[in-house]
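Novice: Since the structure of chain C is provided, determine the placement of chain F on it from the hints.
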Amino acid sequence: MTQVAATTLRHRPKPKGWWRTAAVLVVALVINLPLLNAIFTSLKTDAAIGTSPFSVKGGFNFDHYAAVLGGSGYNFPGYLLNSAQLSIGTVILVMIVAIPASYAIVRTGFGGNWLLEAITSLRLVPAMFFAVPFFLIFSGLGIYDTVVGLILANTFMQLPLALLILCGTLRDVPAEVEEAAAIDGAGPYRSLFSVVLPLLAPGLVAVGILVFVFAWSDYLFAVILSSSGAVPVTVGAAFFVTSAGVQWGNLAAVTVISVIIPLCFAFIAQRYLVRGLSAGAIK
Amino acid sequence: MSTSTTDRVRIAPGPARQRGPRSGRTNRNPRAQGTARWVLSSPLILFLAVLVAYPIVNGVTSSLQNHTLLNPTPGWAGLSNYWEVLTDGSFWYSLVFTLGYTIVVTAFELVLGFALALFFDKAFPGKKVLLSALILPIMIAPALMGIMFRLMLSANIGVVPAALDAIGIHASLLSASSVIPMLVVLDIVQWTSFTFLIFHAALQSVPAELHEAAQLDRASKPRYVFSILLPLMMPTIFIAGFLRAIDGFRTFDVINVLTAGGPGIETTTLSIYVYKILAGGNFGLASAAAVLIALIMLPIIPFVIRRITKGATS
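Quick mapping for you: the protein sequence lines, in order, are chains C and F.
According to this note's numbering, the first sequence is numbered sequentially starting from 408.
According to this note's numbering, the second sequence is numbered sequentially starting from 148.
Here chain F stands alone, though its shape is the one from the complex:
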């Protein structure tokens, strides 16, 4: 089994592992185990204390202070920073823009990734090489991808505007009127690879007999996909959707490289909104905005976590 999992990843519903942490323990020498668990986890505990617990406390504290670049010894400011963020129109614009952007790109990437994985799930020449090519964009730093998009879309030297020009479409791709659809397309170009990879791996674990049985029952191909495959893949679709949505929600790199949130605040995501405040030197206000964003995310996290950690916890 362990050899087969190297190539065939079990993501879709598989048999739950029976072995829990209790039966997995080696209980030969309880006292050695007792100290070992603390010694072995001490780097983790230290790390969590210094780089998780302390920053959280620090972040919340400074969100309650009037801490700025020009005021390095801040006093308490109560909830005024939160009030300032919540009464700022551009915060609400960023929130709506980020949510809309997230929903649109996630929907497109799920549908396209699933369709591509389904299409890919047959034997054909060159399959291995093409798999490498299809998942390549995942390995590219989004910030560098942003620069490559710029090379491609630039009105001066870009191949895309030149090609559009040749067929009679004269569009400035990063202008105010077209920048948002453009960013959506770019996100889809890079991240459909990710949903494809997840679905591709999950399809590997769907037993071939299922399709054969459906064929014996004279189920049509669409019927098989929609009535059998889709329900079976639901947990995987859920996971892929949430992972993309979470990443979409905190989008920063590509948009900051391409537009820095502009023109105006038109493409300002929540992360860029916080970054602009931080770069402006108002640390208290930036902390308050960051805390608010984390609070927005908090309610959905437990749903996702259970599913992600399923394979790694008992």
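Just chain C, same shape as in the assembly:
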């Protein structure tokens, strides 16, 4: 065993390859140019923005951030609050539905493979197919343009991914652990909450972060199911493009703030994220 390890070590290319670092760095810069450019623009003065994309006249400051967070022109803090409420609400509702359901599916064989496959296929149907009846139903129920309505729609959207990840994780938890708990007299609920849930932690973190990020990213449901009171940042940001022209600096600041918040979460849990994204292999 140690011999094999030693041989593979010797064959592995030496960790030089700075040219490879440089090449990958160029690719990374190109695909992140939109964000870098938005940050750059948001820190410039209006005069510099108006002069040229390369101008840094007047240096850098946080005036645009202060302006949009102070609510100048549009209620950006309100949109941020809506986004936070709808994302956190979606995470909670997804957990309430998906945790017990994944246990029922994996451990008691509920619905067989058929149920999970049917729910996963929901994710592949164009969201627009559901957005139209959601609009009609929510209007009838009086939850059009409310955060509650957006939470319901986003839970629908994120549930398949959550179930997929949780069922996959639960299948990796050995059933013997629960059998031992059952011998000690724990019923199915007790064993779910005291024994299984702690073991599911990595899957739960992955689900929590992914659902938060994707609910925050939703635009299609937001644009159809909200008009003023429940508008999240993805829709509200575009309001800074007015008929009187575009407030470029403010627009850039609004976009950067809206992008950075979910990115922070994503970075904290990147390890789980890569796993969740690729294990579910579905976004």
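Quick caveat, the hints were computed from the structure, so don't treat them as lab data.
You can take every hint at face value.
No farther apart than 27 Å at their CA atoms in a straight line, the calculated lysine-lysine pairs in the DSSO-like style are these:
{"id": "1", "chain 1": "C", "residue 1": "Lys423", "chain 2": "F", "residue 2": "Lys368"}
{"id": "2", "chain 1": "F", "residue 1": "Lys368", "chain 2": "F", "residue 2": "Lys274"}
{"id": "3", "chain 1": "C", "residue 1": "Lys423", "chain 2": "F", "residue 2": "Lys274"}
Negatives, chain C to chain F, calculated, CB over 12 Å:
{"id": "4", "residue": "Leu476"}
{"id": "5", "residue": "Leu488"}
{"id": "6", "residue": "Asp552"}
{"id": "7", "residue": "Ser635"}
Where chain C lies over chain F, by a calculated footprint (3+ residues, C-beta under 8 Å):
{"id": "8", "stretch": "195–205"}
{"id": "9", "stretch": "266–272"}
{"id": "10", "stretch": "334–341"}
Quick reminder that beta carbons are idealized off the backbone N, C-alpha and C, glycines included.
Specialist: Just chain F now, with coordinates in the frame of chain C:
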């Protein structure tokens, strides 16, 4: 094994799991299990009934009615809404545009993502940080990405037109003649990250011995990639391709933010087509168009589902 899967994701063909739902059950107390399965799945059942089954019925029903903003108590309209959509030239234009767009971006993203993952699959300094940077675009809301593209491409303040201007190319990037290639490039800029991530994770599970054995047999690097690696990665390539294609097919956010389907109907995807009808207040017609789009997607779904759920079902 469970610790190693944290970093090394098994997507490429791995040993099939032996444990089925039957052997995974804890059958100590059958009666408690019997009620527990219904109690535990009740939130899911309730949710599926209210937010899946009912909306489907509602959507199909209203597609058969003359339901508009001005006519809130609709009567039956038979298949006239479907007829209206199917005889609408812009529906067919949107369908062709969406299909073409989907095929082109998916092809580019698969090739570029695979090449990048292959290039990345070596030891080099700063690899971890660069991985974070490469997958960052996946975490950005497409609608916000659309706004950032706008900041970058604007003829007034954009850095890209200014840079092109400096080297003597004077192009209006979002004008009728260049908007479609532009949107393709933008989709590639954001979503090559996704195919890269999938391929990167899959390459992790390819045993190093495979490359060594190929080297011993004096197989050239291209020979190794095309004759060994590509066939081995085929299931992963299939999955990544279908996931991108499905997302491409329902593209809405970025294009709606950037062009709202214009100029004219030039960049109207099927989702934007439905949205325009809905925004116009013709709910029956919008439902019929939405049902038709779902029907187009339906035949390919079973193929994809089997592969996606492989790890999570037995």
